[in-house]
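Residue numbers (numbering that gives the first Met the number 0), protein chains in the order written: chain A, 0 to 154; chain B, 0 to 110.
Calculated directly from the structure, the hints in this document are not laboratory data.
Please note that the accuracy of each hint is not assured.
Covered by chain A, per the in silico footprint, the following chain B stretches (three or more residues, Cβ under 8 Å) [what the hints assert, rightly or not]:
1. 3 to 13
2. 18 to 31
3. 34 to 40
4. 65 to 77
Non-contacting residues of chain A with respect to chain B, defined by C-beta distances greater than 12 Å in every case (computed) [said to hold, decoys possible]:
5. Gly88
6. Glu90
7. Pro98
8. Arg140
9. Ser154
Keep in mind it's a predicted model, so treat the numbers as computed, not measured.
For every residue, glycine included, the Cβ atom is placed at its ideal position computed from N, Cα and C.
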Amino acid sequence: MGITCVPVVPHLALCIPDLGPRKRDASLQHMLAHARDSGSLRDLDSIHDALLLRERLGPTAIGRGVAVPNARALAVLEPRWILARSARGIEWNAPDGQPVHLVLMVLSPPDWTVRAHVEAVARAAAITRLARARTRLLEARGAEEMAALVRQGTS
Amino acid sequence: MNSLDALTRLHDLDLLSQLVQDRAAAARLGALGFSPPGPAGLERVRARLAGSLERRWLSIYERAHARYGRGLAAVRDRVCQGCFITLPTAALPGPDAPMMCESCGRVLCWR
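Next up, chain A with everything else stripped away, as it sits in the complex (with noise of 0.2 Å):
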């Protein structure tokens, strides 16, 4: 009989309401620079260029104005979200074209397992799943508004 390893939800360790760059690449690098200052990841660049790499290859907008870039990496010290707002909308590649105003950056540390990360990336997904969830997200007063959003949607 197999053992199966449902992993907890990342602590989110940062809401960010007003997103300011519009295009993917410097929103990545905003947005792993507010992670750095919290102490949730060793060093910038590399995982900036891994999240990069990975756009590259298969771009992370999932449509619906909905990205969830993400990444196990040795720069991650604890597992995290970060989740991030665009009122203006970013360029991401989607596949429906439409610009992205959510961020759901998923972040894993090296010793996770791809099943950890995965089931991480799924449920980031699920929250954004469901068009009432995402214009509540859009819609929220402030960062403490959005954290309580994905807390309701992950319980």
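Using the hints, position chain B against chain A.
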């Protein structure tokens, strides 16, 4: 890019390759709407990165990668996070210099 930077990128690329090669993971991510990265693109980038490395470090990395699934381990509080042995106090390379764990053979990242 110094050797440790290149090894770190190679390590992260190999973690991504593990995800791409895992059929169940790829299927689940595909069902969520993700575009799966093609293995051919990954191999091209890997070959370029590997080509930029000194042969000695590449060989140490590849040997540990083949044995454990990961060729690089971080160091925290002088402990190798691959085999959890406490490293000798005499071992103190610069932050950009790679070093090999004498216990498990992984390349160590002290940053």
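Hints, one by one, checked against the model:
Here the segment 3 to 13 of chain B counts 6 residues with a CB under 8 Å from a CB of chain A, which clears the bar of 3, and the coverage holds. Residue count for the segment 18 to 31 of chain B with a Cβ under 8 Å from a Cβ of chain A: 7. That meets the three needed, and the coverage hint holds. Look at the segment 34 to 40 of chain B against chain A: 5 of its residues bring a Cβ nearer than 8 Å to a Cβ of that chain, three or more, so the hint holds. For the segment 65 to 77 of chain B, the proposed coverage by chain A is satisfied: 3 residues have a C-beta within less than 8 Å of a C-beta in that chain, meeting the threshold of three.
Listed as a non-interface residue, A/Gly88 keeps its Cβ farther than 12 Å from every Cβ of chain B; the least gap is roughly 18 Å. Here A/Glu90 stays apart from chain B, with its beta-carbon at least about 16 Å from theirs, past the 12 Å limit. No beta-carbon of chain B is positioned within 12 Å of the beta-carbon of A/Pro98; the least distance is around 16 Å. Interface exclusion of A/Arg140 from chain B stands, the closest Cβ pair being 29 Å apart, more than 12 Å.
Annotated as non-interface, A/Ser154 keeps its C-beta farther than 12 Å from every C-beta of chain B; the closest such distance is 20 Å.
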